[in-house]
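Peer 1: Sequence:
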Amino acid sequence: MNIGRILLSKSSLLGHYLKKMKKKKKKKKEIEKRKMRKGSSSSRENMIQKLYDTCKEVFANGKAGYVPPPADIQRLTSVLDSLEPKDIKFTAPSLEFSSTSPGTKEAPLVTYIKLHECNKFSIGIFCLPPSGVIPLHNHPGMTVFSKLLAGTMHAKSYDWVQDHDQFNTCREQQKCGMRLAKVHVDADFTAPCNASVLFPESGGNMHCFKALTPCILLDVLGPPYSEAEGRHYQDYTYDTFSDVKELELKEDGTRYAWLEERNEQFLVFGGTYDGPRINI
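First residue of the sequence shown: 141, per this note's numbering; consecutive thereafter.
Derived from the structure by calculation, the hints contain no laboratory data.
Treat the hints with care, as some may be off.
What follows is a set of in silico ranges between Cβ atoms, one per label pair, in the way DEER data are often shown [to be verified]:
#, residue 1, residue 2, range
1, G393, R417, 41 to 51 Å
2, E400, D193, 36 to 46 Å
3, K226, Q302, 41 to 51 Å
4, R417, A368, 27 to 37 Å
5, D414, T394, 37 to 47 Å
6, P280, C258, 12 to 22 Å
7, D303, D414, 48 to 58 Å
8, G410, C258, 16 to 26 Å
9, E401, D303, 15 to 25 Å
10, A327, Q302, 17 to 27 Å
Derived DSS-like pairs: lysine-lysine, alpha-carbon spacing no greater than 25 Å straight-line [said to hold, decoys possible]:
#, residue 1, residue 2
11, K254, K350
12, K322, K296
13, K203, K229
14, K260, K203
15, K296, K254
16, K350, K229
17, K254, K203
18, K226, K196
19, K226, K254
20, K190, K203
21, K190, K254
22, K260, K190
23, K254, K196
24, K229, K190
25, K229, K196
26, K229, K254
27, K296, K196
28, K322, K350
29, K226, K350
30, K296, K350
All C-beta atoms, glycine included, are put in the ideal place defined by N, C-alpha and C.
Required output: the full structure, derived from the provided sequences and hints.
Peer 2: What follows is the structure, given as structure tokens:
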């Protein structure tokens, strides 16, 4: 009888011990998972800081017309290509709204959020609702990196043509204040996609965008617009251009267009950046 009680007591103790160990293991796994999630979140939050630090190094020269060497261009595009909307706490569904009344022909307003700006470079985000447009504009003496973080948009870009002799009608068009440009890109892009780069004299220095769905577009400008230094920039007002006449050469299929400079204001909403802090 006493032996039975002793065996029963030992069995109960063993069961209690095993349950206790099981709970400890479960708790340990939960703690490890929380640490992993926290570590992952922390590393993602640092991506904006990494972008700033890389831009600071790549655009250390800070002069108009400066084109970073290929290694620096690759380094910055690599950082941009690793970015996700969650790194800056933005999601495409929040852009479903339209600031225009139903039935109007005007494009809905775009929101611009400044992350950083100095005399050497700037980092900003354009948030475009469906049908939102960034009109055709130029980037004098600038190298610009663009990264589509979310959505689908149509992009079109041009570069100026220096030699007009091959076109018989160039004199007539030039008298009207038009300039000839070569089409660089005319296509739809859907995130995630690679970052694009334009240069002072090539790569589609003049570009425009139209959102087909809610879009988030991140831009890095080096150096940024400056009236004092001849890079026109005022309250997000750009010298815009419109297609006047587009033609195609039969030999290689290259497309050209006559563009006319216009002084129109590009109005945007000013948004507030509430993402990870940037230590300058």
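Peer 1: Are the hints correct? Go through all of them and say.
Peer 2: Structure-based check of all given hints:
no. : hint                     : in the structure
1   : G393 to R417: 41 to 51 Å : holds (49 Å)
2   : E400 to D193: 36 to 46 Å : holds (41 Å)
3   : K226 to Q302: 41 to 51 Å : holds (44 Å)
4   : R417 to A368: 27 to 37 Å : holds (30 Å)
5   : D414 to T394: 37 to 47 Å : holds (45 Å)
6   : P280 to C258: 12 to 22 Å : holds (18 Å)
7   : D303 to D414: 48 to 58 Å : holds (49 Å)
8   : G410 to C258: 16 to 26 Å : holds (18 Å)
9   : E401 to D303: 15 to 25 Å : holds (20 Å)
10  : A327 to Q302: 17 to 27 Å : holds (25 Å)
11  : K254 to K350             : holds (20 Å)
12  : K322 to K296             : holds (11 Å)
13  : K203 to K229             : violated (32 Å)
14  : K260 to K203             : holds (7 Å)
15  : K296 to K254             : holds (24 Å)
16  : K350 to K229             : holds (23 Å)
17  : K254 to K203             : holds (21 Å)
18  : K226 to K196             : holds (23 Å)
19  : K226 to K254             : holds (17 Å)
20  : K190 to K203             : holds (22 Å)
21  : K190 to K254             : holds (17 Å)
22  : K260 to K190             : holds (17 Å)
23  : K254 to K196             : holds (16 Å)
24  : K229 to K190             : holds (16 Å)
25  : K229 to K196             : holds (23 Å)
26  : K229 to K254             : holds (14 Å)
27  : K296 to K196             : violated (29 Å)
28  : K322 to K350             : holds (20 Å)
29  : K226 to K350             : holds (23 Å)
30  : K296 to K350             : holds (9 Å)
Of the numbered hints listed earlier, those contradicted by the structure are 13 and 27.
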